[in-house]
Amino acid sequence: MSQVLEAHIPQPGAPISQWQAYLTLGFAKSKRGTVLKTCDHKGPLYVQKPFYPEGKDTAHIYLLHPPGGLVSGDELVIKSNQASDTHVLITTPGAGRVYKARPDRTLQCQTTHLHVPTDASMEWLPQETILYPDANTRLRNHVELHGNARFIGWEITCFGLPVNRLDFGMGQADQSFQVRIDGRLRLRERLLVDEHSRTLMAGKAGLQGHPVNGLMLAGPFISVADALLETLREQCQVNDSVSGVTLVDGFIVIRSLSHDSETMKRLFTLCWEAIRPALLDKSACAPRIWAT
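So for the sequence shown, the working numbering puts the first residue at 4; every next one is plus one.
The hints are simulated quantities; they were obtained by calculation from the structure and are not laboratory data.
There's no promise every hint is true.
Claimed, not checked - Simulated pairs of lysine-lysine, DSS-like, Cα-Cα distance not exceeding 27 Å: (1) LYS52 x LYS207; (2) LYS34 x LYS82; (3) LYS82 x LYS207; (4) LYS59 x LYS32.
What the hints assert, rightly or not - Label pairs and their calculated CB-CB ranges: (5) LYS59 x GLU276: 29 to 35 Å; (6) HIS199 x ASN167: 26 to 32 Å; (7) CYS42 x HIS199: 38 to 44 Å; (8) ASP229 x THR121: 36 to 42 Å; (9) ARG168 x VAL241: 36 to 42 Å; (10) MET173 x ASP43: 16 to 22 Å; (11) VAL251 x LYS52: 48 to 54 Å; (12) ARG143 x ASP43: 33 to 39 Å; (13) THR109 x ARG193: 34 to 40 Å; (14) THR202 x SER33: 14 to 20 Å.
Note that the structure is a prediction, hence the values are computed from the model and not measured.
Note that the Cβ used here is the ideal one computed from N, Cα and C, for glycine as well.
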């Protein structure tokens, strides 16, 4: 995990600022392939132009949030709406951060809505989110699939600053990731850490003392080859983490616990490289920003 400097933490007495920001993206199919047709934003949340490292049909999008993290009272809302026959991959240039909450414990929120119609594909692959000691956050991911739409996504969360030997302290986090197909709920994952459930951080049925928690989803599959599941399970076994693969209602679900976010990102990237050809019929093409 890359070193996190104390200078990034808002200091006592610093001017209080908060942002109510949103970003709504609209993707369409044209003769030029998948294009960013509309981009409506408020506050410090926007994107660069799309990149096309694997050709015109797949748009790679980098979400930019110049403040670099959430303070008390911040609320970010990200929406993506696609047309049929589009393929979008969304990532971030670096880790997201949720800083220590102010004494009033006002929430720090981010909500993502991804709408994927029939014959379209979405890959939601942000880099890790670092929850600073004593943060108070609510993070929501809502994925709406229609018809034969396909989705690959992950969420990697680091609780505290383990490189600096700082745990999550009295922080609170409410995370959820849900997928609906044609309005019907197919998957819902939730992790709640608060004063009533803090034992999850160390519990055998929780994070088992690991500060990094990860979830990866891919599907829906009509059928999954045994060879693919075996490959994914082998990756989980050789990786320095506590990881496992399950098949839930047509979705491959990978859960992982680790002491290091870089280790988890390597695992998820290797799994993505194996899953993508099977689900999307395309070989993996890593966003260029990942190499910087």
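Okay, the hints, checked on the actual structure:
1. LYS52 x LYS207: Violated, at about 45 Å.
2. LYS34 x LYS82: Within the cut-off at roughly 24 Å; holds.
3. LYS82 x LYS207: 36 Å, violated
4. LYS59 x LYS32: Between LYS59 and LYS32 the Cα gap is close to 10 Å, so the pair holds against 27 Å.
5. LYS59 x GLU276: 29 to 35 Å: 22 Å, violated
6. HIS199 x ASN167: 26 to 32 Å: 27 Å, holds
7. CYS42 x HIS199: 38 to 44 Å: Between CYS42 and HIS199, where Cβ atoms are some 41 Å apart, the hint holds.
8. ASP229 x THR121: 36 to 42 Å: 28 Å Cβ-Cβ, so the 36 to 42 Å window is violated.
9. ARG168 x VAL241: 36 to 42 Å: 28 Å, violated
10. MET173 x ASP43: 16 to 22 Å: Cβ of MET173 to Cβ of ASP43: about 37 Å, so the range 16 to 22 Å is violated.
11. VAL251 x LYS52: 48 to 54 Å: For LYS52 against VAL251, whose Cβ atoms are near 37 Å apart, the range 48 to 54 Å is violated.
12. ARG143 x ASP43: 33 to 39 Å: 20 Å, violated
13. THR109 x ARG193: 34 to 40 Å: 22 Å, violated
14. THR202 x SER33: 14 to 20 Å: For THR202 and SER33 the Cβ distance comes to about 53 Å; the hint is violated.
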